[in-house]
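> Each chain, letter by letter, is given below.
2 protein chains.
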Amino acid sequence: MSEHSKTVGVLGGMGPDATVDFMAKVIALTPAEKDQDHVHMIVDQNPKVPNRQEAILADGEDPGPVMAEMAQRLEVAGADFLVVPCNSAFGFASVVAGAVSIPLVSIIDVTVAAAVEHGATAVGVLATDGCLKAGVFQDALEKVGVEAVLPSDYELGKLMTLVNRIKAGYQGESIARDMATLATALVDRGAQSVIAGCTEIPLVLDAAAVDVPLISSTDVLAQQTVALARGEIALPK
Amino acid sequence: MSEHSKTVGVLGGMGPDATVDFMAKVIALTPAEKDQDHVHMIVDQNPKVPNRQEAILADGEDPGPVMAEMAQRLEVAGADFLVVPCNSAFGFASVVAGAVSIPLVSIIDVTVAAAVEHGATAVGVLATDGCLKAGVFQDALEKVGVEAVLPSDYELGKLMTLVNRIKAGYQGESIARDMATLATALVDRGAQSVIAGCTEIPLVLDAAAVDVPLISSTDVLAQQTVALARGEIALPK
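From first to last, the protein sequence lines are chains A and B.
According to our numbering, the first sequence is numbered sequentially starting from 1.
According to our numbering, the second sequence is numbered sequentially starting from 1.
Treat the hints as calculated values from the structure; they're not laboratory data.
Backbone N, C-alpha and C fix where the C-beta goes; we use that ideal spot for every residue, glycine too.
One thing to keep in mind: the hints can contain errors.
[Claimed, not checked] Calculated cross-link-like contacts (lysine-lysine; reagent style BS3-like; alpha-carbon spacing at most 25 Å):
hint: 1; chain 1: B; residue 1: K34; chain 2: B; residue 2: K6
hint: 2; chain 1: B; residue 1: K48; chain 2: A; residue 2: K6
hint: 3; chain 1: B; residue 1: K133; chain 2: B; residue 2: K143
hint: 4; chain 1: A; residue 1: K133; chain 2: A; residue 2: K158
hint: 5; chain 1: A; residue 1: K48; chain 2: B; residue 2: K133
hint: 6; chain 1: B; residue 1: K48; chain 2: A; residue 2: K133
hint: 7; chain 1: B; residue 1: K34; chain 2: A; residue 2: K158
hint: 8; chain 1: B; residue 1: K48; chain 2: A; residue 2: K34
hint: 9; chain 1: A; residue 1: K48; chain 2: A; residue 2: K143
hint: 10; chain 1: A; residue 1: K133; chain 2: A; residue 2: K48
hint: 11; chain 1: A; residue 1: K34; chain 2: B; residue 2: K133
hint: 12; chain 1: B; residue 1: K158; chain 2: A; residue 2: K34
hint: 13; chain 1: B; residue 1: K34; chain 2: A; residue 2: K48
hint: 14; chain 1: B; residue 1: K133; chain 2: B; residue 2: K48
[Unchecked claim] These stretches of chain A come out as covered by chain B in the derived footprint (C-beta under 8 Å, 3 or more residues):
hint: 15; segment: 32-42
hint: 16; segment: 68-77
Work the whole structure out from these sequences, hints included.
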């Protein structure tokens, strides 16, 4: 472990399984032969964050204030930078970033960077309806001049049902198959890579099930987290 | 989620995989249909805790002070009770308990209670050499009048090699088979149930591989954590 190692603050629980999946990926991506080589993470696995979808779509309770308090507690506890393993939550990123003096790493920006890395000019986005309505992926793709290939309303209805089943603990083969069908539909409409832009999706969907590169936002955020924590790249401002 | 729900503070990173395994088990054991039904956990995944084995066996750096600081930070962050998903760490429990005003749940006591539940009069203990030297399982079994069946020095040498391989990320079939052989040796010497008393062991060893009940300390601690967090049982004093 580098002497420049940093402590990661994780705003978790959105959902709980996705947070555990993210932590497992950070561990797997860390070159380590013993406990002491690993990345220091302080994780607030907080199920009390109001539903991000309902806040964006249905005038539900704003999760911003709870997320801002979590961020402040993580900063006090010693975090050097923050991550949120939830794409929809990024609609509320400015409130979180404004509440602390440490950087918040954007899962959206690092995922889009990975999706266009090999020159894709059209990128499919599998994300929740709240996340798509907030437009975070579309904005980030537009900034780099890349077309966003999105699910139809019908496909989005299917996607939301699958994501909510995954959150309820159902992660079997039929859910994986249905999710792969949704990804393939984006490829058929021209996507040269597909973003798994909801942290529940990689819990069921394997890259092998899709014909183009499948970019898991969880994987990319975990890679970035390890590199930042080990001091291999500089923290964002 | 009950209105009596409690926030769990997790002293983690001992090792990191075992902490993630514990968190996944808490999620799996919680009756939940949506994110908001889950248990609130604040987790300090801290790889900087000095090696517990070396502290007990080889006069290495004392992990007690680091664990006490972690406990205090978790209390400040809002934890109502503390758990440590590491058996060897329980050699340092009194330092942790003395540093905070919230209860520390003993992984040792809940595991021993589960191991003798069906009337076993001799219980096998697969645990690290530091944990066995600290005598935490032997003391707890003696208190309830049950014989502890322990690995021989030769078996313990094998066990430690396996545990360190697991901590380094090797969790394949040959390691699982070797671990099952060690458990079976305790059964052959009279154990009527076997405690998987190191949180790395259940990462490779299935209950089906052992002829008597295999009690995973991780599973038992997760069950107890869910029941305490949901207010189904009262917190220990």
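> Look at each hint and say if it fits the structure.
Hints, verified against the model:
For a cut-off of 25 Å, the pair hint linking K34 of chain B to K6 of chain B stands: about 18 Å separates their Cα positions. For a cut-off of 25 Å, the pair hint linking K48 of chain B to K6 of chain A stands: about 12 Å separates their Cα positions. Between K133 of chain B and K143 of chain B the alpha-carbon distance is near 17 Å, which keeps this suggested pair within the 25 Å criterion. Taking the CA atoms of K133 of chain A and K158 of chain A, the gap is near 16 Å; set against the 25 Å cutoff, the hint holds.
A threshold of 25 Å between alpha carbons decides the hint, and for K48 of chain A with K133 of chain B the separation of about 42 Å lies outside it, so the pair is violated. With a CA separation close to 42 Å, the supplied pair K48 of chain B and K133 of chain A exceeds the 25 Å bound. A C-alpha spacing of about 17 Å is found between K34 of chain B and K158 of chain A, which places the hinted pair at or below 25 Å, so the restraint holds. At roughly 11 Å between alpha-carbon atoms, K48 of chain B and K34 of chain A fall within 25 Å of each other, so this suggested pair holds.
A C-alpha spacing of about 33 Å is found between K48 of chain A and K143 of chain A, which places the hinted pair above 25 Å, so the restraint is violated. Between K133 of chain A and K48 of chain A the CA atoms are separated by roughly 23 Å; this keeps the pair inside 25 Å, and the hint holds. With a C-alpha separation of about 21 Å, the suggested pair K34 of chain A and K133 of chain B falls inside the 25 Å cut-off, and the hint holds. Taking the CA atoms of K158 of chain B and K34 of chain A, the gap is near 17 Å; set against the 25 Å cutoff, the hint holds.
At roughly 11 Å between alpha-carbon atoms, K34 of chain B and K48 of chain A fall within 25 Å of each other, so this suggested pair holds. For the given pair, K133 of chain B sits about 23 Å from K48 of chain B by alpha-carbon distance, which is consistent with the 25 Å threshold. Proximity of the segment 32-42 of chain A to chain B, defined as three or more residues with a beta carbon under 8 Å from a beta carbon of that chain, is established by the 11 residues found. Interface restraint, the segment 68-77 of chain A with chain B: holds (3 residues with C-beta to C-beta distance below 8 Å; minimum three).
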